[in-house]
Amino acid sequence: MTDASMQSPETGRHTVSLTASDARTKKRAAAEKRFRAYGITAIATGLFFLIVLFASILSQGIPAFQRTVVSVDFTLTQQQQEQAEGTLFKTKAYSDLFISELNSELAERGISVDFDAAAIERLLGKVGGTIRTFYAENPDKLGEPIEFDLAASSRVDGYFKGRVSRDTLQDSRFLQLSDLDLVDALKEAGIIKQVFNWPFITGADSGVDNPGGAGIGASVVGSFFMMLVVLCLSLPIGVAASIYLEEFAPQNRFTDLIEVNISNLAAVPSIVFGILGLAVFIQFMHLPQSAPLVGGLVLTLMTLPTIIISTRASLKAVPPSIRDAALGVGASKMQAVFHHVLPLAAPGILTGTIIGLAQALGETAPLLLIGMVGFVARGYPDGFLAGFTEPNSAMPAQIYTWAARADVGFYEKAWGGIIILLMFLLTMNIIAIILRRRFERRW
Amino acid sequence: MPIVWLFLIVIAISAVGYVLGRSRALHSAGGDSRNLHSLPTFYGANVALKALIPAFGLLIAWLLLQPLYVNSQVSGMIPDTAIKEGSSRSLVMAEVRRTADGLNNAVSQGLLTEIEAANPNADNAEVTRILKEAGQVVTSDITQPVLLAAQKHRVMNTTGYSIMSVVIILAALAGTGISWWQTHAEYRARNVVEQGVRALLLAAASIAVLTTIGIVLSLVFNTWEFFKLYPASDFFFGTTWAPSFSGRGGASDLGIIPLLWGTFYISLVALLVAVPIGLFAAIYLSEYASPRVRSIAKPLLEVLAGIPTIVYGLFALLTVGPLLLDVFGDGGLGWMKAGTAVMTAGLVMGIMLIPFVSSLSDDIINAVPQAMRDGSYGLGATQSETIRQVVLPAALPGIVGAILLAASRAIGETMIVVLGAGAAARLSLNPFEAMTTVTAKIVSQLTGDADFASPEALVAFALGMTLFILTLGLNIFALYIVRKYREQYE
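So the protein lines, in turn, are chains A and B. The first sequence begins at -9 in the working numbering and counts up one residue at a time. The second sequence begins at 62 in the working numbering and counts up one residue at a time.
Simulated from the structure, these hints should not be mistaken for laboratory data. Possibly wrong hints are sitting among the right ones.
Subject to a maximum C-alpha distance of 25 Å in a straight line, what follows is the list of computed DSS-like cross-link-like pairs (lysine-lysine) [as the list claims (entries may be wrong)]: (1) K213/B <-> K23/A; (2) K306/A <-> K323/A; (3) K545/B <-> K306/A; (4) K116/A <-> K151/A; (5) K183/A <-> K151/A; (6) K193/B <-> K213/B.
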């Protein structure tokens, strides 16, 4: 390949070998190798970042799916209840009963540890109140053994997950070093344990001082209503716009204007759509703040260009012979498009729509501006229609809210929320890929 | 009547219209559809569309115009003396609307009767108490003019909506009736319906234009308001950013220069990460990689582009920031004071942009004709020499376009900088210091509790305008370069 070896037969049979390359060839070969190595390094770096990203999401997010509970078999007789209700400090009477039950369970297992009512309160909060409310609501459970799963405080939870350790713990009214001895003893007895954190998945957001009780359920519902709005608006509008542009639009200034607008809107930063939503939907139209309806409208405008671009691509992929055949047997232009082209393009359109929805689901910046962040979503909406107009949060906004809070306990929740968000995105993308694989036709 | 019901009623009317139109057409053709001009469904659709379109058009227009009309009427009721010092008419009007909402809630919860709610001589303190009980946030005391205006507001809205319901149902019925009456066997229903559908398609396509108009108008109006309160020259050339908080008085310094500097600095760091990695990855994938490697590595890299930016923001705040702080912070080199810095945000944003640069460049490198490579190989060049001296120069305009598009993404990126870059506006060269960007300040100025009429909130619109123009300019420039290049080889 190189000129040195080509010349060798005539000139330098003694000095230049055919098999060994000369210095210049070596240099060029080395440069070639180096260049290749740069490419491999670049890809490896990119993949390395991807791995680091997922490793940190998983390692820090998975603990959010576990919570620490103290489970105690507890029996309350009618008589005991009457006695407790007769005392002056009713909840204290219940906690005393609970503590004696706990003591007897520990003694049964042959473990002895000193603790007082204050320590129990630091570990579990107001136990007495919880028990009292339970029996007040379920009087028929009196006398039966009930297994109580009581959520441990956020710091005890942190001790189990390694966030709090004996070395770093400072005695405070939240947790004292001596309490950890009790925790260890309870752990040995199998009374305190880690279980799957259902309340995180089904629950609503808590206040700023209670990271343990925060759940993502309400914001998943908020996101669901938003996506419903996006789907119901952007799919018909996007498909209609694409059909017009691809099949009917005459070559004129207005068509050009629409085309330029669509390609520009696809590149406008998402925060600008947030400003639009704030100014038009909230300031001008006085729609309710933080409502999934407004979020859905803003995200619809944002996803439209994506959907239009992919829909046009799949309409374009339907060969003109299909249209010609339909027109040839007497269909009108409209019938040719709606009866023949559109059904053939449907898988592609659906795929594009799902990908657009996935994009919209993860979008955060516009939601910040329409007020989805200041709002603490403490509960589920009251009904289907209220779901659109009642203030709620959405998954990414909820994650941001948690990330912005001062308590470290919320960071774990934020990572956990990200895992859930990514699982939704993954599912949507897999559905899109399956649709594409199964139904897309190559002509 | 809730709008949802109105909506359903109109749809029901049009469904009935469909059946009626279809049967009337068939009837006039003597039950034989071959005597009709169009298929029977077109006659049905004709009636249904003529019921739906005018009614919904009217509904949308009414919903948009009624608040404007009511506001202008009610706003005239408030005397200038009722507007307190430091307040404005729009703030008082917001109070009026809140009070009107409160009255509505109180009536629906049964705390007030209709008559009490409309009583102009009601005791202000008593009304305030009832509204609070109904869960409405109102200021400590409702003044007499506000209460009167709120009552008027409420009455006008209620009557407005009842008139609207009647008018819209009438419109739907009229549309159905007229088109039903027009229906006969010779009626060219298909042509009419297809014209209507075509108009609907055009309307859908025009939404893109409307969106752009909406963006531009909302930015321009509010920016104009801002410049009435704050001199434009101080905004564009001011070198300090120090807004005073939530209308506590005191002049704010709202210079954009430190924000622009932060934006450009972070974007520069991001591009320094993304461009080499993305470009080399694209070169390797398109020129060297076997189809197998390519089919695995390319989608994996593109996963980076599909991850929501909030994830990157959290990654910057909680993983990359502390990591950099360990190396460059007080424990290490001592350059960095906190985890949030230009470097943190820039690095993470760079990771996000890698697939953006790589897939665009990949397309462009693939578009370079094979004949050019073959020519170069034929002259004895190695593969890397061919890439460096033939392929890249040919693809250069496209690659520059791709980099510009990536830059415009970096400038408009919000979540990573909100979480990763810090909140202090600084003019500094140290990449380990916290700085802030245009987008981060838009978020912080609009999510606080400042009222929308203050310069501290309105400045966000001026920032948004700047951002919009910057990114739009970059995009147009990038597309221009890409288009110009493409024509050369096609």
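Going down the list of hints, with the structure as the test:
no. : hint              : result
1   : K213/B <-> K23/A  : violated, 81 Å
2   : K306/A <-> K323/A : holds, 16 Å
3   : K545/B <-> K306/A : holds, 24 Å
4   : K116/A <-> K151/A : holds, 23 Å
5   : K183/A <-> K151/A : holds, 12 Å
6   : K193/B <-> K213/B : holds, 20 Å
Checked against the numbered hints above, the structure violates only hint 1.
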